[in-house]
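Number of protein chains: 2
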Amino acid sequence: MGNMEYECPHRVAIPPSKPLAKSLETSLKETFFPDDPFRQFKNQPLSRKFVLALQYFVPILEWAPRYTFDFFKSDVIAGITIASLAVPQGISYANLANLPPIIGLYSSFVPPLVYAMLGSSKDLAVGTVAVASLLISSMLGKEVNPNQNPTLYLQLALTSTFFAGVFQASLGLLRLGFVVDFLSHATIVGFMGGAATVVCLQQLKGILGLVHFTHETDLVSVMRSIFTQMHQWRWESGVLGCCFLFFLLITRYFSKKKTAFFWINAMAPLTSVILGSLLVFLTHAEKHGVQVIGHLKKGLNPLSVSELAFGSPFLMAAIKTGIITGVIGLAEGVAVGRSFAIFKNYHIDGNKEMIAFGMMNIAGSCTSCYLTAGPFSRTAVNFNAGCKSAVSNIVMATAVMITLLFLTPLFHYTPLVVLSAIIIAAMLGLIDYEAAIHLWKVDKFDCMVCMAAYVGVVFGSVEIGLIIAVTLSLLRVLLFVARPRTFLLGNIPNSMVYRSIDQYPIANNVPGVLILQIDAPIYFANANYLRERVSRWIYEEEDKLKSTGEASLHYVIIDMSAVGSIDTSGISMLEEVKKNADRKGLKLVLANPRSEVIKKLDNSKFIEKIGQEWIYLTVGEAVTACNFMLHTHKQNPAAIELQPQDNNIV
Amino acid sequence: MGNMEYECPHRVAIPPSKPLAKSLETSLKETFFPDDPFRQFKNQPLSRKFVLALQYFVPILEWAPRYTFDFFKSDVIAGITIASLAVPQGISYANLANLPPIIGLYSSFVPPLVYAMLGSSKDLAVGTVAVASLLISSMLGKEVNPNQNPTLYLQLALTSTFFAGVFQASLGLLRLGFVVDFLSHATIVGFMGGAATVVCLQQLKGILGLVHFTHETDLVSVMRSIFTQMHQWRWESGVLGCCFLFFLLITRYFSKKKTAFFWINAMAPLTSVILGSLLVFLTHAEKHGVQVIGHLKKGLNPLSVSELAFGSPFLMAAIKTGIITGVIGLAEGVAVGRSFAIFKNYHIDGNKEMIAFGMMNIAGSCTSCYLTAGPFSRTAVNFNAGCKSAVSNIVMATAVMITLLFLTPLFHYTPLVVLSAIIIAAMLGLIDYEAAIHLWKVDKFDCMVCMAAYVGVVFGSVEIGLIIAVTLSLLRVLLFVARPRTFLLGNIPNSMVYRSIDQYPIANNVPGVLILQIDAPIYFANANYLRERVSRWIYEEEDKLKSTGEASLHYVIIDMSAVGSIDTSGISMLEEVKKNADRKGLKLVLANPRSEVIKKLDNSKFIEKIGQEWIYLTVGEAVTACNFMLHTHKQNPAAIELQPQDNNIV
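Sequences listed follow chains F and L, in order.
Last residue of the first sequence: number 651 in this note's numbering, and the count goes up by one each step with no gaps.
Last residue of the second sequence: number 651 in this note's numbering, and the count goes up by one each step with no gaps.
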């Protein structure tokens with residue numbers, strides 16, 4: 002190096018290499034414990050640590066001591082309100098899952114109690130959910146006919162609930178909560194909307210009073226089933242259904258207009274049930290084609306440990322149903338819990354929630370409950386009713402207990418069509434077309450994912466919709482890595498800043514220097530593409546310069562600011578780009594390689610090949626250095642042209 | 002805005018939104034035509050376009066006119082050299098695939114001719130490959146026993162070759178060549194090594210002269226099979242095998258020492274075959290436990306269109322085998338072709354290669370050939386022998402044709418053990434432990450992928466190894482996006498540059514300002530993680546400041562330079578981070594959002610929420626602005642503290 006060498010003000014640092022165990026520990030911690038749950042255990046005596054651990058796993062121990070009577074008053078009101086929703090919804094959704102109605106009531110008793118102890122959300126109201134109910138009936142119904150073999154079907158439903166709980170709890174314990182993150186917001190919007198549409202379609206059976214109905218859930222099968230049975234439509238049933246649906250929708254409309262009237266909406270389902278039952282009782286409509294619930298057993302949840310069918314030939318179907326419904330339940334529940342937590346400015350812990358959901362379903366499956374989660378509608382009512390803590394779930398459970406012990410005979414005359422109306426009213430709220438329009442405005446691809454999920458669910462099946470949406474979401478991530486953007490950078494006038502010419506049309510080209518930015522980690526999946534793309538940039542630039550007769554190209558600067566990582570394929574790609582550049586008499590310069598990248602470039606001796614002096618801290622410094630070289634050699638440009646293979650031009 | 006407002010020198014540009022069709026076109030072009038193959042068609046008359054298109058699809062038309070006699074001389078020598086390798090290798094690999102030996106010879110006749118016309122590589126020598134042969138025998142062998150039902154087995158092998166060809170050609174035509182990129186370099190090293198180990202293990206059957214042998218390929222089964230049959234080992238066979246193996250390895254050692262002696266290595270297999278055959282013929286060893294090839298039919302490839310078993314019940318197995326072997330063949334062939342092209346400084350087109358491979362396999366399957374690709378060993382010999390173009394493949398095919406027409410009876414006494422020795426010698430070269438060590442040095446994760454592929458192949462099966470390796474590679478990409486790094490930035494002394502404190506320990510904190518950098522696109526898969534991670538950074542920083550008694554935190558700057566993309570979940574995450582910051586009385590500031598990100602932030606009204614004046618072109622400018630605000634308010638810090646929710650502090 003002569004004294005003509007440009008003195009670079011800063012050097013790119015190669016961070017000291019950490020020992021393998023240390024860096025493994027760091028990355029494991031970031032992967033599984035990003036929220037650093039052990040923070041509070043630091044520097045505490047052992048006894049305190051034990052109490053903290055207990056409070057960590059059973060949050061009620063943490064907040065119960067601070068619980069006040071004022072809170073209790075609010076929680077009682079909220080609890081009774083959601084109980085009035087829970088009873089008819091429980092019966093309806095059990096009906097949707099093709100399970101005995103009483104199972105729906107059982108499911109609103111034990112799981113809320115378990116959640117109240119273990120859950121970290123103050124607003125979540127526990128209960129059965131429509132989508133999971135639909136999934137159970139469609140997935141298990143394929144294996145066992147619920148009408149022909151109700152006992153086995155019930156056993157499978159309980160077994161799948163057990164596995165859903167085990168799966169949820171293990172996700173939480175193994176800190177794999179991020180699995181749920183792979184259901185993107187767009188997927189959930191589309192999926193929920195599709196499921197709600199399907200559930201509404203299924204309710205046409207109840208509304209029209211049909212006895213036979215298809216077991217398929219797709220639009221085409223349902224429509225065919227309905228229109229081939231037109232002569233069996235029961236107008237009494239239809240009229241009753243439409244009246245109640247109208248009533249439910251009108252009450253919701255009023256509640257939405259004025260949130261102080263939320264209780265109108267909350268009470269409407271129970272009111273419908275009471276009115277419907279009275280009507281049937283008085284008019285004996287059950288003898289004129291209006292189906293009713295019929296006898297409901299009095300008494301609390303019977304134990305059902307012995308019903309879990311681990312030896313059944315359908316065990317695999319039960320496990321599969323459990324895993325899918327478990328994930329869906331978690332995704333909805335955690336998202337709902339999180340939304341309300343943000344509203345009230347507190348934090349919920351995803352992994353802790355998963356353990357709570359898992360435990361409540363395991364406990365539920367042993368006490369005749371089927372899958373429960375945190376339904377949005379019930380949670381919203383709970384929130385509007387002013388709940389202060391999970392105690393509202395305990396109040397709800399108590400109310401349901403009283404119902405189970407004393408009030409079940411009252412539901413004998415409840416018409417099924419009212420239940421259908423309740424389900425439809427709840428489902429129409431889940432078809433969130435405004436969210437879909439918002440997705441379209443902000444991100445076309447997200448909207449596509451959402452529509453794919455919707456169409457998949459409505460025209461295919463719930464599973465198909467889910468698989469399509471998740472695959473599309475993952476493909477997008479892979480495509481981002483497989484086809485990263487590359488940008489041409491230019492100088493922002495009056496600064497040392499270089500930015501994409503696409504984004505900043507005022508940015509100026511630097512003569513003789515091509516500045517490229519790569520926008521993603523350089524991995525095997527994109528190494529070939531990037532090599533071709535970079536050589537195309539060089540080709541196009543040389544072409545342009547040739548046609549305009551400007552000075553020829555001497556330097557190619559690659560801005561690595563956005564390259565977060567590189568693998569061995571990526572390093573080979575850089576080596577090939579360098580060979581390619583050398584062959585054309587161009588000098589390859591790197592700007593701002595990040596710590597992980599520079600470490601690997603160092604390990605693979607690429608830095609030696611390119612020369613440490615050709616790696617700069619910023620694009621600005623790289624350009625300055627290139628310009629310096631260019632002008633020093635202007636007297637004798639051949640010095641550059643003739644020694645294209647030489648690493649050290651000076 | 003008062004006159005106390007800091008005047009920002011540059012503004013972040015929101016690029017004009019392109020019409021949907023236009024941006025769709027751009028992204029489709031980048032995804033499928035990154036090499037811009039239509040470039041040369043621009044501004045050409047129609048007739049010229051037609052000629053160019055023909056030359057594009059049939060490259061021989063492009064280079065044949067420039068072909069010289071000097072080239073031809075070189076190609077003849079190279080072609081004869083690789084033919085001497087092709088004949089024994091063809092027979093050996095057909096043996097490995099449990100196919101009649103003659104099929105191996107047929108496969109070195111038609112496919113090279115097809116490739117010579119369509120391929121774009123000048124060095125690739127076409128032929129059967131060991132790994133694909135092994136895959137065929139292990140995958141089809143599961144369905145049909147090649148000894149009990151050789152006709153059906155052969156039909157299935159031809160059918161799978163047909164589908165492999167169709168799959169390869171369609172990948173090329175649909176410009177989906179990047180599918181092959183998902184087999185990373187590390188995967189291929191591990192997979193090839195594992196497959197070579199497995200193939201060597203299989204050859205112990207031939208070396209030890211065993212008649213019965215396991216159909217499994219894993220180490221445990223093979224070892225059990227060998228050691229339970231110790232009494233059936235044939236020493237004659239073993240001795241012969243070891244001698245030839247030693248001969249082959251020693252010749253390779255010499256060739257490696259001096260590349261001018263490459264022909265020793267190239268000729269060694271044919272020499273072994275001749276020596277072995279003579280030995281058996283003279284000593285009548287075939288009657289003493291040394292198995293020989295036996296009768297080989299004279300004549301060229303018979304047509305086999307009618308053998309393609311499209312109606313077979315095993316069609317699905319054939320298709321699956323075809324797709325997997327097709328991908329493996331492509332991955333190896335394209336990688337080999339590319340390596341030698343880089344060596345000789347010319348370019349090969351991945352998609353064109355795929356079409357060539359596909360056409361040669363489709364043609365092959367109709368003329369009694371099984372799957373062919375570009376084996377590394379044969380290509381290396383071709384290259385060393387000084388080939389100049391694909392004409393060497395034509396010469397090889399001609400030599401094989403002569404063999405088929407006149408010389409097949411000479412192979413009657415060729416002992417199988419010599420073929421085993423040839424295969425083992427070739428395979429030992431594929432176990433690239435040096436590459437594995439290099440991977441370990443440069444990238445631990447890549448090394449893990451490589452080892453997983455190796456172990457999976459050796460202890461499980463070829464498919465298991467492949468699935469494990471591909472899954473791990475994809476998981477890595479997903480994990481990169483799911484758990485992006487976040488860095489704390491500091492000021493590099495005497496500059497406006499801000500870099501990670503981890504990488505540059507000299508970088509200084511800015512009092513009152515927390516500067517974070519996010520290192521990946523913000524997608525649904527990492528939105529939750531990033532929200533938690535950012536709030537942990539803030540928490541930790543506040544904790545640190547509290548314990549040291551320094552000034553409290555007022556600004557959080559997020560450097561978005563490395564955030565290439567964002568989706569709706571990501572935008573919600575930013576909104577939540579902003580709410581969170583507001584609640585703590587902190588101001589959120591963004592630096593350098595990229596064009597795609599700023600467009601979406603604009604569409605979703607996030608810019609309005611955060612305030613356009615809080616988005617800066619560089620971290621440096623953002624810090625300057627923050628410092629300006631801090632000092633203007635120093636007289637009355639309560640102005641900041643008391644109005645945490647206010648967007649416009651000034």
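Simulated from the structure, these hints should not be mistaken for laboratory data.
Hints are supplied without guarantee of correctness; some may be wrong.
Given that identical chains are not distinguished, each listed pair holds provided it fits within a single copy or across any two copies.
Said to hold, decoys possible - Heads up, simulated DMTMM-like pairs for lysine to aspartate or glutamate below, C-alpha to C-alpha not over 25 Å straight-line:
no., residue 1, residue 2
1, Lys298, Asp433
2, Lys579, Glu533
3, Lys19, Glu609
4, Lys43, Asp219
5, Lys23, Glu614
6, Lys257, Asp433
7, Lys50, Asp36
8, Lys579, Glu542
All values reported here derive from a predicted model rather than from experimental measurement.
Here's how the hints hold up against the structure:
no.: 1; hint: Lys298 <-> Asp433; in the structure: neither (38 Å within a copy, 71 Å between copies)
no.: 2; hint: Lys579 <-> Glu533; in the structure: within (13 Å within a copy, 40 Å between copies)
no.: 3; hint: Lys19 <-> Glu609; in the structure: within (21 Å within a copy, 43 Å between copies)
no.: 4; hint: Lys43 <-> Asp219; in the structure: neither (55 Å within a copy, 49 Å between copies)
no.: 5; hint: Lys23 <-> Glu614; in the structure: neither (31 Å within a copy, 41 Å between copies)
no.: 6; hint: Lys257 <-> Asp433; in the structure: within (15 Å within a copy, 69 Å between copies)
no.: 7; hint: Lys50 <-> Asp36; in the structure: within (18 Å within a copy, 61 Å between copies)
no.: 8; hint: Lys579 <-> Glu542; in the structure: within (17 Å within a copy, 42 Å between copies)
Against the hints set out earlier in the document, violations occur for numbers 1, 4, 5.
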